[in-house]
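S.K.: In case you want the letters, here they are:
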Amino acid sequence: MRHFRSIDEVGTDGVTRLLDLADHMAEVNRRPNPKVPALRGKTVCNVFFEDSTRTRLSFETAAKRLSADIMNFGVSSSSVNKGESLRDTIETIAAMGVDAFVIRHGSSGVPWQVEQWTDAAVVNAGDGWHAHPTQALLDCYTIRTALHRTGGFDGLKIAIVGDVKHSRVARSDIRAFTLLGADVTLVAPRTLLPPTVDVPVTTDLDDVIGDVDVLYLLRMQRERMTESLVPSLREYTARFGLTPARAVALPEHALIMHPGPMNRGVEMAVDPGELPGAVITQQVTNGIAVRMAVLFELLGSGTELEDDE
Amino acid sequence: MSEQILIIGGRVVDQAGERRADVRVTDGRVAEVAETIEPVDADEVLDASECVVSPGFVDLHTHLREPGREEAETIETGSRAAARGGYTCVVAMPNTDPTQDSVSVVEFVRRQGEAAGLCDVRPSGSITIGRAGEQLSPLGELAAVGVHLFTDDGDGVQDPLLMRRALEYAADLGVVLAQHCEVKRLTEGAVMHEGRCCSTFGLPGWPSIAEELMVYRDIELVRLTGAPVHILHLSTARSVDLVRAAKAEGLAVTAEATPHHISLTDELLVGYSALYKVNPPLRTLPDVTAVRAGLADGTIDAIATDHAPHAPETKEQPLDQAPPGMLGLETALGVSLAHLDMPLADVVAALSWKPAEIAGVADLHGRPVAPGEPANLTVFDPTAEWEVVPARLASKSRNTPFIGIPLRGKVRHTVLNGTATVLDGEAMR
Numbered sequence: 000m001r002h003f004r005s006i007d008e009v010g011t012d013g014v015t016r017l018l019d020l021a022d023h024m025a026e027v028n029r030r031p032n033p034k035v036p037a038l039r040g041k042t043v044c045n046v047f048f049e050d051s052t053r054t055r056l057s058f059e060t061a062a063k064r065l066s067a068d069i070m071n072f073g074v075s076s077s078s079v080n081k082g083e084s085l086r087d088t089i090e091t092i093a094a095m096g097v098d099a100f101v102i103r104h105g106s107s108g109v110p111w112q113v114e115q116w117t118d119a120a121v122v123n124a125g126d127g128w129h130a131h132p133t134q135a136l137l138d139c140y141t142i143r144t145a146l147h148r149t150g151g152f153d154g155l156k157i158a159i160v161g162d163v164k165h166s167r168v169a170r171s172d173i174r175a176f177t178l179l180g181a182d183v184t185l186v187a188p189r190t191l192l193p194p195t196v197d198v199p200v201t202t203d204l205d206d207v208i209g210d211v212d213v214l215y216l217l218r219m220q221r222e223r224m225t226e227s228l229v230p231s232l233r234e235y236t237a238r239f240g241l242t243p244a245r246a247v248a249l250p251e252h253a254l255i256m257h258p259g260p261m262n263r264g265v266e267m268a269v270d271p272g273e274l275p276g277a278v279i280t281q282q283v284t285n286g287i288a289v290r291m292a293v294l295f296e297l298l299g300s301g302t303e304l305e306d307d308e
Numbered sequence: 000m001s002e003q004i005l006i007i008g009g010r011v012v013d014q015a016g017e018r019r020a021d022v023r024v025t026d027g028r029v030a031e032v033a034e035t036i037e038p039v040d041a042d043e044v045l046d047a048s049e050c051v052v053s054p055g056f057v058d059l060h061t062h063l064r065e066p067g068r069e070e071a072e073t074i075e076t077g078s079r080a081a082a083r084g085g086y087t088c089v090v091a092m093p094n095t096d097p098t099q100d101s102v103s104v105v106e107f108v109r110r111q112g113e114a115a116g117l118c119d120v121r122p123s124g125s126i127t128i129g130r131a132g133e134q135l136s137p138l139g140e141l142a143a144v145g146v147h148l149f150t151d152d153g154d155g156v157q158d159p160l161l162m163r164r165a166l167e168y169a170a171d172l173g174v175v176l177a178q179h180c181e182v183k184r185l186t187e188g189a190v191m192h193e194g195r196c197c198s199t200f201g202l203p204g205w206p207s208i209a210e211e212l213m214v215y216r217d218i219e220l221v222r223l224t225g226a227p228v229h230i231l232h233l234s235t236a237r238s239v240d241l242v243r244a245a246k247a248e249g250l251a252v253t254a255e256a257t258p259h260h261i262s263l264t265d266e267l268l269v270g271y272s273a274l275y276k277v278n279p280p281l282r283t284l285p286d287v288t289a290v291r292a293g294l295a296d297g298t299i300d301a302i303a304t305d306h307a308p309h310a311p312e313t314k315e316q317p318l319d320q321a322p323p324g325m326l327g328l329e330t331a332l333g334v335s336l337a338h339l340d341m342p343l344a345d346v347v348a349a350l351s352w353k354p355a356e357i358a359g360v361a362d363l364h365g366r367p368v369a370p371g372e373p374a375n376l377t378v379f380d381p382t383a384e385w386e387v388v389p390a391r392l393a394s395k396s397r398n399t400p401f402i403g404i405p406l407r408g409k410v411r412h413t414v415l416n417g418t419a420t421v422l423d424g425e426a427m428r
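Top line first, the protein sequences correspond to chains A and B. Note that numbering that gives the first Met the number 0 has the first sequence beginning at 0, numbered continuously upward. Note that numbering that gives the first Met the number 0 has the second sequence beginning at 0, numbered continuously upward.
By construction, these hints were calculated from the structure, which means they are not laboratory data. Glycine included, every Cβ here is placed at the ideal spot set by N, Cα and C. Any given hint might turn out to be false.
[Stated by the list, open to error] Residues of chain A placed beyond 12 Å of chain B at every Cβ, according to the derived structure:
(1) Lys63
(2) Ser107
(3) Arg148
(4) Val196
[As the list claims (entries may be wrong)] Pair ranges (Cβ atoms, derived):
(5) A/Met95 <-> B/Gly188: 33 to 41 Å
(6) B/Asp240 <-> A/Glu83: 42 to 50 Å
(7) A/Glu226 <-> B/Arg164: 54 to 62 Å
(8) A/Lys34 <-> B/Arg184: 48 to 56 Å
(9) A/Pro199 <-> B/Gly16: 56 to 64 Å
(10) A/Gly154 <-> B/Pro311: 49 to 57 Å
(11) A/Asp118 <-> B/Ala344: 46 to 54 Å
(12) B/Arg164 <-> A/Asp206: 46 to 54 Å
(13) B/Asp240 <-> A/Pro194: 14 to 22 Å
Using the sequences provided together with the hints, build the complete structure.
M.R.: What follows is the structure in structure tokens.
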């Protein structure tokens, strides 16, 4: 594995291998001293052209627990504001000796462009509407551990609700869940879907909610209203939000997931703290383990995962 | 440079058909066409063995970038690329800076073309001032200095009232309005064709209907006003159907298609290379097939390059920020012959005399290869297989997606006004 830019780049075997590796990383994270020397001497650079707190901190934590050095490059304090091109920015940082770039960019495809300008590994931390493969991995890992599905997702019913069209999380999740064997259904009005989709679609959340194993809510951004994609957030919540009535209709074992940040009162119209199936904080915790797995897979040299001295 | 050229060993292909003939050119005109002409001392002999000798090519759609974007192309470098592609005449698109919306700018472009001396550069004019879609350009003044084709290319005229007025006003000027068909409201933020690929790639889509609505609107405006409309770079199957139906009704509609819309599809954007970003976007295989069929049955009159040079750094931006467009002049013949299943004479017609009619240059270009006619000629090997070597392109820019793709058909010589501008594939100046 040279890069990790999309789920398709690693395929079913790659996803499974990374999830298995994440189990080991989760074990490391449970230790009193959650740090191993696996990537000592390696340098990872977070290059975030879009604001992000959770993903950037998650990668930073993952790199540190593997003893890699981590640099952070944020666009607000950078030469990009002085007119430097993306290529020059990447080549400049690469010249400092970087083993992996972790890239977040508002434009789809940037990790594929970056790969042409550096010998370093490229990890996609979210590109435009396109892909967010480490989010998909942590979502798979969360489902796998919470529902004890180490062998795959065959027969698992997952409903993804909301703005699929603009969501890199949804695109990567659909690919990853489907590769592992799950039956994915999208719940959204036509305006919030891409022009074509390969999985079943419904606009009736109540029709599917009683029979799901996982309910995955997407973030509903307020500007979608002004683009005439939905009439109002009130109507969105009424048709597609997780309301108290719908929370009751969920099967007892069903997981409730969200990539964050949540819009309380919009897609999440109940307090997730009161929902036993909500695994939203576990998603965040698991993000560190799967990102450790990705960095280790890309940069590790077969070193055993031993305790730091 | 010799005043007398003898082109020997080729097959002449023109409006009169196809025949084995040598061609002697004297003082800017075709002097003699015969099965065998013996060279005399005064002749500069051009070898045309294995080659077709045809009327020079005419491009209805060339972005020469000067004035305003000379880092991407100049009228000289673009003219050289045109000559190497077999063109003796190009229509220069008006989206320069300043816009070609006044006599002074149009005259500047024409003079620069003359100074380069490699191709007959015919400036188009914009339909509206600054191509802003608000106020008509001085169509009459521009027509009076020889502008024949008007377009806001880069954008379509969005306002149906303004387009109606433009057609009504232009109706008795003897000019043609050419439309870049794109309803902008439907393509805001669009990066590539709207369909299966854009859904997967996570890129905003440019729906076919944004083109088709304006094709339909303008066909109806032709019906209403009687003024002709030329539809630029037709790209969808439904657009081809609309034009076919309009022509069957006898409406004054003509259309062009680009080499890339008969050869490339939206799937190529899988690696997010901006070399494949073009406007209108690369479409699907059924669209490509329909555009080819439209060329084959004459629905689409001309192959036009939409030659759109861009400096490398602009194409290295993220895909949604990179400008659309690709080079076309030096590869148009090779792409067309590699991808079109049409009689050779029909391909030449679409590259030469049919666009010459639309461009209003049929008095000088696209003429039959016959004694007394202006000597604007292209000599090309229709079966030569070759690949683009970026460093050898005459264009100042390198944004061609055809690198490493086998092309068929290569220009050997180009003759402009009786003088060779390209000899054995190399520009003479």
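S.K.: If a hint holds in the structure, say so; if it doesn't, say that too.
M.R.: Each hint tested on the structure:
{"no.": "1", "hint": "Lys63", "in the structure": "29 Å, holds"}
{"no.": "2", "hint": "Ser107", "in the structure": "4 Å, violated"}
{"no.": "3", "hint": "Arg148", "in the structure": "26 Å, holds"}
{"no.": "4", "hint": "Val196", "in the structure": "7 Å, violated"}
{"no.": "5", "hint": "A/Met95 <-> B/Gly188: 33 to 41 Å", "in the structure": "35 Å, holds"}
{"no.": "6", "hint": "B/Asp240 <-> A/Glu83: 42 to 50 Å", "in the structure": "48 Å, holds"}
{"no.": "7", "hint": "A/Glu226 <-> B/Arg164: 54 to 62 Å", "in the structure": "32 Å, violated"}
{"no.": "8", "hint": "A/Lys34 <-> B/Arg184: 48 to 56 Å", "in the structure": "55 Å, holds"}
{"no.": "9", "hint": "A/Pro199 <-> B/Gly16: 56 to 64 Å", "in the structure": "59 Å, holds"}
{"no.": "10", "hint": "A/Gly154 <-> B/Pro311: 49 to 57 Å", "in the structure": "51 Å, holds"}
{"no.": "11", "hint": "A/Asp118 <-> B/Ala344: 46 to 54 Å", "in the structure": "52 Å, holds"}
{"no.": "12", "hint": "B/Arg164 <-> A/Asp206: 46 to 54 Å", "in the structure": "53 Å, holds"}
{"no.": "13", "hint": "B/Asp240 <-> A/Pro194: 14 to 22 Å", "in the structure": "21 Å, holds"}
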